[in-house]
Each structure stands twice: as structure tokens, then as C-alpha cells.
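Using the sequences and the hints, build the whole thing.
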Amino acid sequence: MHEEVLASVMANARVVPQLAIWGWQIAIYLFLGGFTGGIMVFSGWALITGRDEQTPFAVNRAPLVGFIALSVGMTALFSDLERPLHVWRFYSILHVTSPMSWGAWILLLVFPAIIVLTLAGLPLGFPALTRWLLNLPVVGKPLVQPVFKLCFFLRRPAAALSIGLGIALCIYTGILLSSFNSRPFWHSALLGPLFLVSGLSTGAAMMILGAGTAHERHLFGRIDLGLILAELTLLGLLLIDMLNGNAMQQGAVAYLLGGDGAMLFWTGFVGFGLGLPLLLEAAMWRRSFMVVASFASVLVLVGGFLLRDIVVTAGQQTSWTQLHNQFNPDLISNLRNDGEDPSSRF
Amino acid sequence: MQRRDFLRLNAIAGASALLGPSLAGCSQPAEWQRLMTAGPATIKPTVCNMCFWSCAGQVHVRDGEPWKITGHPDDPHSMGRLCTRGTAGLGAYYDPNRLIKPLLRVNRGGSQQFDVVSWDDALGFIAGRLEKVAKEHGPEALATLVHGPGAEHFVHLTKAFGSDSISEPAFAQCRGPRDTGFYFTFGEGIASPEQTDMENAKCVVLIGTHLGENLHNSQVRTFADAIRNDATIITVDPRFSVAAGKAKYWLPIRPGTDIALLLAWTNVILAERLYDADYINLNTVGFNALAAYIAPFTPEWAYVETGITADVIRQTARIMAASAPATVIHPGRHTVWWGDDTQRARAVAILAGLLGIWGQKGGYYMPESVALPEFPLPAYPVPKKSWRDITISKFPLAGQGVTNVMLDNMVGSDAYYKAMIVYDTNLPMTMPNSRATLTKAAQALDLLVVVDVQPSEMTGFADVVLPECSYLERYDPLRSESERDPCIALRAPALPVQGDSKPGWWIAKQLGHRLGLDKYFPWNDYTEVIDWQLKQVGSSLTEMQTLGLKPYPRKTPLYLTPGAPLNLQTPSGKIELYSQALADAGFDALPRFTRHAQRPDGFFHLNYGRAPQHSFSRTQNNPVLYQLMPENLVWIHPDTAMQFAIDNESYVQLVNQDGVVSNKVRVRITERIRPDSVWMVHGFGHTAAGLTLAYGRGADDSALMTRVLYDPIMGGTGMRGNFVTFRKEAA
Amino acid sequence: MAHYVMVIDTKTCIGCTDCVDACRMENNVPEGLCFDWVVEVTTGRYPELKTEFRSERCNHCSRATCVTACPTGASQYWNDSNIVVVDASRCTGCKACIAACPYDARLIMQPEGYIGKCTFCVHRVQYGLDPACVAVCPAKAMHFGRLDDPTSEVFQLLESRESYSLNPETGNEPNVFYLR
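Residue numbers (the working numbering), protein chains in the order written: chain A, 8 to 353; chain B, 448 to 1178; chain C, 58 to 237.
One or more of the hints may lead you astray.
DSS-like, lysine-lysine: derived pairs with alpha carbons at most 30 Å apart [stated by the list, open to error]:
{"id": "1", "chain 1": "B", "residue 1": "Lys1002", "chain 2": "B", "residue 2": "Lys582"}
{"id": "2", "chain 1": "C", "residue 1": "Lys68", "chain 2": "B", "residue 2": "Lys695"}
{"id": "3", "chain 1": "B", "residue 1": "Lys831", "chain 2": "B", "residue 2": "Lys1002"}
{"id": "4", "chain 1": "B", "residue 1": "Lys808", "chain 2": "B", "residue 2": "Lys997"}
{"id": "5", "chain 1": "B", "residue 1": "Lys606", "chain 2": "B", "residue 2": "Lys887"}
{"id": "6", "chain 1": "B", "residue 1": "Lys649", "chain 2": "C", "residue 2": "Lys197"}
{"id": "7", "chain 1": "B", "residue 1": "Lys808", "chain 2": "C", "residue 2": "Lys68"}
{"id": "8", "chain 1": "B", "residue 1": "Lys695", "chain 2": "B", "residue 2": "Lys808"}
{"id": "9", "chain 1": "B", "residue 1": "Lys831", "chain 2": "B", "residue 2": "Lys887"}
{"id": "10", "chain 1": "B", "residue 1": "Lys582", "chain 2": "B", "residue 2": "Lys832"}
{"id": "11", "chain 1": "B", "residue 1": "Lys841", "chain 2": "B", "residue 2": "Lys582"}
{"id": "12", "chain 1": "B", "residue 1": "Lys808", "chain 2": "B", "residue 2": "Lys1002"}
{"id": "13", "chain 1": "C", "residue 1": "Lys68", "chain 2": "B", "residue 2": "Lys997"}
{"id": "14", "chain 1": "B", "residue 1": "Lys832", "chain 2": "B", "residue 2": "Lys887"}
{"id": "15", "chain 1": "B", "residue 1": "Lys808", "chain 2": "C", "residue 2": "Lys197"}
{"id": "16", "chain 1": "B", "residue 1": "Lys982", "chain 2": "B", "residue 2": "Lys1002"}
{"id": "17", "chain 1": "B", "residue 1": "Lys966", "chain 2": "B", "residue 2": "Lys982"}
{"id": "18", "chain 1": "C", "residue 1": "Lys68", "chain 2": "C", "residue 2": "Lys197"}
{"id": "19", "chain 1": "C", "residue 1": "Lys107", "chain 2": "B", "residue 2": "Lys649"}
{"id": "20", "chain 1": "B", "residue 1": "Lys548", "chain 2": "B", "residue 2": "Lys966"}
{"id": "21", "chain 1": "B", "residue 1": "Lys887", "chain 2": "C", "residue 2": "Lys68"}
{"id": "22", "chain 1": "B", "residue 1": "Lys887", "chain 2": "B", "residue 2": "Lys548"}
{"id": "23", "chain 1": "B", "residue 1": "Lys966", "chain 2": "B", "residue 2": "Lys832"}
{"id": "24", "chain 1": "B", "residue 1": "Lys997", "chain 2": "B", "residue 2": "Lys949"}
{"id": "25", "chain 1": "B", "residue 1": "Lys997", "chain 2": "C", "residue 2": "Lys197"}
{"id": "26", "chain 1": "B", "residue 1": "Lys582", "chain 2": "B", "residue 2": "Lys831"}
{"id": "27", "chain 1": "B", "residue 1": "Lys649", "chain 2": "C", "residue 2": "Lys68"}
Rather than coming from a laboratory, the hints here were simulated on the basis of the structure.
Note that the structure is a prediction, hence the values are computed from the model and not measured.
Okay, here's the thing in C-alpha cells:
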């Protein structure tokens, strides 16, 4: 028999779940980061290969969606910082050993690229908005118009850059987690490729949702089918990796396969996020139907978020330490006068 | 609650802005960065009051803010290292629940409540009632129950008033049997700190003493020395205590059979002639009587009673003898267990006597104190009646007032006592099964005064509650104890007084003044008394305010010369293995083993003890200690848990043999306890709602002790004869 | 490089949690949080039992992943030693270091939001004093000093006694050692 308890009381994150390291904000950020990365890859690809006619959404409209998504994601990340006013500290140094530092700088490069693509596509994609911008008093003519022209001029180099940056952004969201040896479930090199494929898949799903032509919808449907298959493969490899991993990895994967996270993992992510869209896209191999394709795409997007949320949570289920309070750690909250009604203690 | 956080968190609760804390903290360095450049702290001397060990300490104040308390480096009690409770002393000072105003019980429209009153009104009311009691019943009708170093002020007041009925639970609820047993064997009790020379011992025997959980500072330090020196530790405990974990031999004894084990050990030592015959001849009386008596109590006989195998009993006895005189047979401290406790202490003392450890290196050293003269005062009036009048008929050999006897004599209209002062002791949780009697006493007494720092359970019984300031805010009598290295330590105010609380000496003097006893308080400030005393021993208050602690050279040797006669204070001058005094009083001259009540089916021995984080029932509301141990647990063996289908970490209620139900308490299922016993830390389960942190946390063992086993010799209240079963919490 | 280590003797440690207490007072640790903690491990079956106490804290690893993971350099080594500290003025509270710590020794300071941890009481170490937890230990079970100094007590203890550290397989090279 082995009994291991804390002789003192510990109200740290490992013991008190509400003090967890990262929660839904980081899952949102990782999801939207990958999603934007996927959009950048496909928009860049469409631009470079001159698919302006066949894939109008990818070329003209999708970059704005990506820009908004990344901004929302950054806001989520910002809101997770314990000292948000210190955010500028990220840009006072490039700490080469820190993936998060790399990520911060990648984001700094991503924004100009995606803004160029957005503005370059705006006149064709969102003519009303463009007109409104051009007619803005004072800045409209002298500033906005040249900017539009410049962006249109720069759109091909920006597109090439976007493909690279998009892939980097997708992979980075995985590498950020997998760099933590201390969280055994995250510590797998497969997490980068998995998040890359998932990011591309959600990007493709967005293209289907917003598709300007039937061709565009059909094309990205087929692409997404391949990506979902790749994602399933990588997921399987990750699970095999974990099942054959150390005790902490096995513990974390057990949480997904049969524990508290199983319902969300199997039904939510594997079932509705991957399986169902895979079937639907496969069924539409020859001909795409807008309603069905849109439904499948929404499922892919939901699945994309669930993947991040599940991985973020599972990674925090197990660690090298196994601290266990013998005293009720909830009682410590009573110190801060946010405890329960004292009359309930008897 | 942290010093600065207390204000800080309240301020944030007031400001709702989410960014508030971030804005405030943005440009601030980390705490450690502040500390890197902080200036030196000022240091003020204190003597810790978190338990009775009274370690000398130093209060560090930086930029006007109290920072921390550390041990005085020269103090033999602490060696610069305060224990868990002493380190948390500032929590007692900052406890928001502290009493800071005098309270007077008033009857308003049929309901009773406390009114906040002025000191003048509170003291005037007390003096008026005391004078009435003295006039109608004599001053002897006042009883005073006390604890701790500040008690002396109220002991003095009571004696000046004309009563000698003074008692402390430290006797009949704690050390009484031990000191009585040793008194009838060695002619004196055991000192506090206990004179166990563990740092030089080759063998240490702990019988129920759980050093470790019991964090009496120098005891633990010297116990650790013994472990470091690879002394053989022998621990007798139904629970795998911390000390058992350090032991070579853990004897998980059946509860209540310790005397059988002690007799068997004695049997082995005599049967195998493991004693020094010359020493026995020179220094003991009654050896032959003992030898004849002990013969039947073989290890084989003891095995049946104790569950400890004969082999282990023999082995351990041989090690004790081989190591003697460097063998510490620890005399224990809280020794009121089964009602035959004086006899058990006698068995311990006899074993110590046979091993010849008295006054020997590695055994019991000879303690010495600084001879500190008493401040010159007129003689106390001689009481016409004494505590002895009501005590000796019941407990003929009680060496001092017995709290439970006094309490019983407060009930009824013709009671012996009519007034009571309680100082710094929480009787309802200290005296087993005392709440009903206390309630009746509170009805019957003309006056019940409680002096306390916090709104303890005891204050709920009072007519008048007087708020004493904490030990960090007051002067108290100088610490001058019998110990290894004689020294004097000063408790001086280190921090500003909170609210309207007052030092004990001020309260006693003010009451004395109102009772016309000014001649017993011929000083304006207690510092005059301390200063006078210090000047008699070559120091002064000014010097001590800087030093805090002053060591004095020993005048007598630490150890007695081996081979020389002991010259004890017993009637024979020798170790009384056979006690004629006990025989004359009608008690067993040699300790007798009696089988105690068997546990009923489905019930378990209720064992209890200390935790290193808490003292008695006095520290559970300390916000610093609360963070280390906010509740007590009931330890249950896995077999028991399975039998009752109890889950680890669930909450259960305990029900005793008389149907008394405890508050809910969290379960710890552990192999560290005998399957026939449960164990819990004493002092939890507070019912005083004013203790907002501690209120209702954990369960109170003393409330479950409805079966009290009185020691017929000295009146101790044996607490171990209680049994509990479990009631699962409705989920 | 100054190599500071803590050596804790489990033979004499009694699990009194005084170290946790002294740390709280010394470093003004926010209520409810702690920089160190005590683990009690019991093995065996009644009555053949063994209990060990371990006072645990940041291991001030020689290869600290919390330092490498920090995006701003707030998490850093102090003065060319292995003592890991967090410069609050550079800390964004991103929690990457909490995720990176294999010992779960880091926490968010309330209410300021910077990341707090055991500093080995570097404010005392700079004057040659022991950390507060070591200085208070009533059983004298804790020792502190420089392992790069062969005359130091910690060096001698680790030379002469059997010891272990927690999860050395993390590769972080932890510097809190436990004597058996």
C-alpha cells in the first residue's frame, strides 16, 4: 500500500482545478490561430496560382475573415494574461528557446501579410465597404486609396509569404504545447503536424462555407476530405504514441478514451468533428450540395475548436507531481470570506 | 491572512474594476525584489505564547510593519528556531475575531446578550460582585482556573483576595498523574521542559508520547538529535505516529494495556538481572517486594494483554538495559488516559529507577533555574477554608487543586464556590464532558469572569468577558524555568495594542485596586516588578529589552556523579520502588494492571493527540495556522472503512457509546492506525460562532468523552475509555 | 557558477510544516498559496510500515525549463547561479513557465498577477544566510549551501549519505536533494 498525501494544504493549480494553467481562452486562441493559418495558406495558394475566377472567396473575402478571427484570438490570448498591461514585454526580446516568444514574433509578421491580402481583396470582395472607406472624410482619398493600390500591388509576394506564415502559425500552435516536457500529454512531436492539418482543414471549411462558386465549394470539399483523413491518421498516431507512452501519458489518454473527457472526445470531436464531415464530404465527391457542405463545414469548425480544447485540458490532467491534499483545500477559500454559509458547518 | 494582504484584499473587494489589481501591480517589483533591497528590521524580544513551551523569540518589525517572529538564537528552548505555531504568532495578533472590548452579560426582555461596556463598568461590576460574595460566603468562595505564563497575575489577585482555590487543567487534565507518580517514586515531579537528555541517549522509549506531532520545541530538537545519533528508538503507540516512523521498534499496543507492558519489561530486567545491583542497593527501597510482585508478569503473560510478542518485549527490555543509563524512558506529558494513570506513571518511574537513569548523562539530567527573588509584598491573608477541604476526601493524594472537583463544587444553591475567574483556558474543550456542568455552574455562580484573547467557547459562559491583549502586546512575568541551561527571558510588548484590550497585569491590578487590595500591587506599572527582579540577579529591564534572553552559568552539576547516593526528597531519600506512602493512603504500593472496558461490537477506541500546527483548542482560528491545517481528520484503518463502506475524504459523524454525536469530520483511511482504533487531533469542532474561521471545522473529541475515568489517587480525568462508531453524512 | 542546493534529511524530518509557515511569513506569501509544501508518504501494511516526509519546493534546476520557456526573459537565473527567480516587471503572466515546471512549483501571485515561486530566499542568500525554511527547521533536518564548494556541509552530506532528488528523469537537473 502506498499513501501519499500533503501534510500541509496546497491550493495550487494542480490541486485546485479552478486555478488551472490554461483554459478556454487558450483553446480559442489556438483554434483561431490555426484557422487563420489555414485561410492564409489557401488564400495565398489561390492567389499565386491565379484562381481569382474559380475561387473568388478564397482570394477576395477569406483574408478579412482570417484577419477578424486572428484579432479575436489575440484578444482571447490577451485576456488570459495575468498582467495584460505587460503584453509589450513580448516584443522587448526574442527568447530563442521559448516557442511562445517565437509565436509572438510570428504573429507580428502574420498581421501585415494578412492585412495586405485583406485590403487587396476588399474592392472585389466587399465593394460596399470599400466605397465607404474610400469616401471617408479627410483620409479617404489621400490615404485609403493609395493603401489599396499598394496592397493590390503587393498581393502576390504577400500571398507567397502567407503560405509560409500560415503553415508556421498552424504548426506553432501545436509546438507551443508540445514543447512542455512537464505536461506529458502535450509532449509529442505529432502535435505540431496534427494542429497544422487541423488548421488547414478548418481553413478549407471556411472556404466551403463562404464559397462564391459551386466549383470553389466542390474543390475545397475535396481538399477538406483529404485533410480530415490526414487528421484522423495523425490523431490515431498520437493516441498510439500516448498509449505506448509513460504513465502520465497513459493517464492523460485514459482521460480521453474512457475518463471524464471521453464523451467530448468520442462523440464531439471524433464523431461530429471528424467522422460525420468525412462521410458527408466523401458522399459529395462527385457533386457538392450547398446545404450539406455548409453543415459539414460547420461541423469541421466545431471539431477544430474541440480538438484544441480537449488537448489543452488533457495536457493538464497529469504531471510529474502527484500532490494530494488530505485536508479539504476548499476550506482555504473561506479565508477570503468567499466561503460557504457558516451555519452549514454543523 | 497576511499582514499586508488583509488591507490589500479588502481594498480590492471595494474596487470592482477588473484591471484594478493589474494597474496597481504593474510597476511594482516582486516581493523578493523588495526584500533584496529592504533595510534592516528592528527586533523586539518576546516569549512565545502559542503553547506553554514559552520559547524566547524576536519580533521583526520593518518600516513600522510587523514582519515575522523568529526564535532567540541563545534560547535553549528554541535555539533560534520557533515551531510551526510560534512562527505563526502574528496570526494571533492579526486575528480579526480578537476580543477588543469588555463585554457584560445583560438580560434584556428575557433574552441574554453581551453589551460592550467600558473597562470601568466591567471592573466595577466584578469588584461589586466579588465583595458581595466575600461578605456572604467569605473570600474562599472564589475559585480561579488558569493556564499559561500570564496566569500569575490572577493567581496573585486570588491569593490577595483570600482564596487558595487555584487550579489549572495542566494538572488533572494533563500532567498530574505523571508528576504524582514520579513524586511518589523520586520525591519530585518532572520539570517542564522535561529533563530528558535525548541528545546524549543511546535508547529513547516513548510510551504514547508522539514527539513530532507533539512539537514541543526543544523536545523535538533533542529527539531529532537522538535519531541523528542512531539511538535506538522504541515507540509504544496504537498509531504509527511520526515517532513510530523513526523507531527501530514500533510496538502497536492494544489501547489501555500499557501497564502490562511496563510490568513485563520490569520482569525481564529483574529476571535477567539486567540492573546494576550496587546502584539498586544504594539507591532504592522495596526491591525485594518488587521482585516478588513482578515474577508472574512475564512477557508471555503480557503478550495476551498487549498484543506485543514476548520476543519483542524481551528484545526491547534488553536494549533499554544495555543502553542504561543513557536510556530515556520518556515520562510523557498528557497522561490522563484510563484512570489508573498515576500507577502507570509509577511503573514508568520504577523502570527508570531500575535502569539508574536519574541524573545521568543520556537519561534524566538535573534541571536548574535562575534563583529569581519574588517582588517584596505583604503576606497573603490565610484562607479559613481551602481547596483541600473539598478535594482530599475524594482524591487523597492530589498535590494541587483539581479543576473537575472545583467545577463540581460550583453547582447548586449551596455550592462551595460562588465566583470564578477563568484565565486563558478554554474549559469546555479542555475538561472532558464538562459542558453540562459548566452550564449549571454558570447558572449557580454569582460571578463568572473570563479573561481571554479570543471569543472562545468559555467566554460564552461568562458574566463578564475581559479582553486581554495578545502576548505580543504585553509584559508578563519573567520566564525562569528549571532546565538544562538556566536563563531568564523577557516578554515585552513588541507591537501596538489592538483596540481596548489590556495586559493581564493591568486587569489584575485594576481589580485589586477596586477590591481595596492596593497593598498587594504597590507599583504603577508591572515593569517595576520585572526591573526589580532583574536587578536582583545582575540585570535590568533596560538590558533585557536589548538582550531578550540572558543565560546564567549553572551552579549545580548537570549530571550526578555515577556511584554516589542520590539523596532524593522521598521519605527514605531513595527511589521508592515500593511506595509506603501510597500503601498508607490505601492504594497499591506497586502498580497493578487492570483490564479496562472492552470496546462494544462495531465501536472503536477513540484516541486523540496533537498536531504540530495547533495547540489545544486555542489556535484553530489563527489565520496563518488555518492555512496549514483547517480541520481535523479522523484516521480509520482500511478494514474498518471497508466494514462501514466509508470512502476516503468523505465526511462522517462519530457517535460514542452513549449516543453522543459529533460534528462532521473528514475521513483519512490509513494503515497508520490499529484496526480497533480511530485517531483524531484534539482542539477542533469549535462551537463558538465568534471564531469565524474555526467555527464548525472538524469534530471535537472532548465532547465525545462522556465516560470519564477518574484517577482515585489525584483526581485526573482519564479520557481514553470512550468508543465511537460512524454515522455517514447524508450526501 | 555558484551551485546552490538544498539537502533535506528525511530521517529526521518530522513533517511539522514549519518550513511552509516560515516561508509564508518571510516572503509575505499571499493567503491560500504556498511556495513550499510537505508530502507524507506511507508504504507497507499495518504493522509493517514506513512513513517519510518530504519538504518540497522549486528545485532551482540547473537546466530549468521554466527559464527556457519564458517568452520575455522574466524567468531567469540570479547572478550566475542556479537560483531561479522571476522579475515581476518583465512578467506578462502568460503562464508558460507554470506549464513548463515539472514540479508544479509556480503559481500566480494574487492579486498582482506575476508568477511567484520559491526564491531560495535569495534576499537572505545574498548575505550568506540560509533560506527561512532551513533556518527555522526545529529538527535541523534541512541544509543549504554550495555544491561547488567541497568543504560545504551539503557537499559532505551528499558525499557521505545516500540521497535522491525528485524526478531527475525530467532532465531538468533538480537541486533539492533528500537524504534517505
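Hint check:
1. B:Lys1002 x B:Lys582: Between Lys1002 (chain B) and Lys582 (chain B) the Cα gap is close to 48 Å, so the pair fails against 30 Å, i.e. violated.
2. C:Lys68 x B:Lys695: 12 Å, holds
3. B:Lys831 x B:Lys1002: 40 Å, violated
4. B:Lys808 x B:Lys997: 25 Å, holds
5. B:Lys606 x B:Lys887: Roughly 26 Å separates the two Cα atoms, so the pair holds.
6. B:Lys649 x C:Lys197: Within the cut-off at roughly 19 Å; holds.
7. B:Lys808 x C:Lys68: 24 Å, holds
8. B:Lys695 x B:Lys808: Distance ~22 Å between Lys695 (chain B) and Lys808 (chain B) Cα, so the pair holds.
9. B:Lys831 x B:Lys887: 26 Å, holds
10. B:Lys582 x B:Lys832: 15 Å, holds
11. B:Lys841 x B:Lys582: 28 Å, holds
12. B:Lys808 x B:Lys1002: The hint holds at about 17 Å.
13. C:Lys68 x B:Lys997: 33 Å, violated
14. B:Lys832 x B:Lys887: Holds - the C-alpha atoms of Lys887 (chain B) and Lys832 (chain B) are around 23 Å apart, at most 30 Å.
15. B:Lys808 x C:Lys197: 22 Å, holds
16. B:Lys982 x B:Lys1002: Holds, because 19 Å separates the two Cα atoms, which is no more than 30 Å.
17. B:Lys966 x B:Lys982: Between Lys966 (chain B) and Lys982 (chain B) the Cα gap is close to 22 Å, so the pair holds against 30 Å.
18. C:Lys68 x C:Lys197: 11 Å, holds
19. C:Lys107 x B:Lys649: 22 Å, holds
20. B:Lys548 x B:Lys966: Status holds; Cα separation ~28 Å.
21. B:Lys887 x C:Lys68: Between Lys887 (chain B) and Lys68 (chain C) the Cα gap is close to 51 Å, so the pair fails against 30 Å, i.e. violated.
22. B:Lys887 x B:Lys548: Since the Cα atoms of Lys887 (chain B) and Lys548 (chain B) sit roughly 26 Å apart, the hinted pair holds (cutoff 30 Å).
23. B:Lys966 x B:Lys832: 23 Å, holds
24. B:Lys997 x B:Lys949: 27 Å, holds
25. B:Lys997 x C:Lys197: 24 Å, holds
26. B:Lys582 x B:Lys831: 14 Å, holds
27. B:Lys649 x C:Lys68: Measuring from Cα to Cα gives roughly 17 Å; hence the hint holds.
The structure fails to meet hints 1, 3, 13, 21 from the earlier list, while all remaining hints are met.
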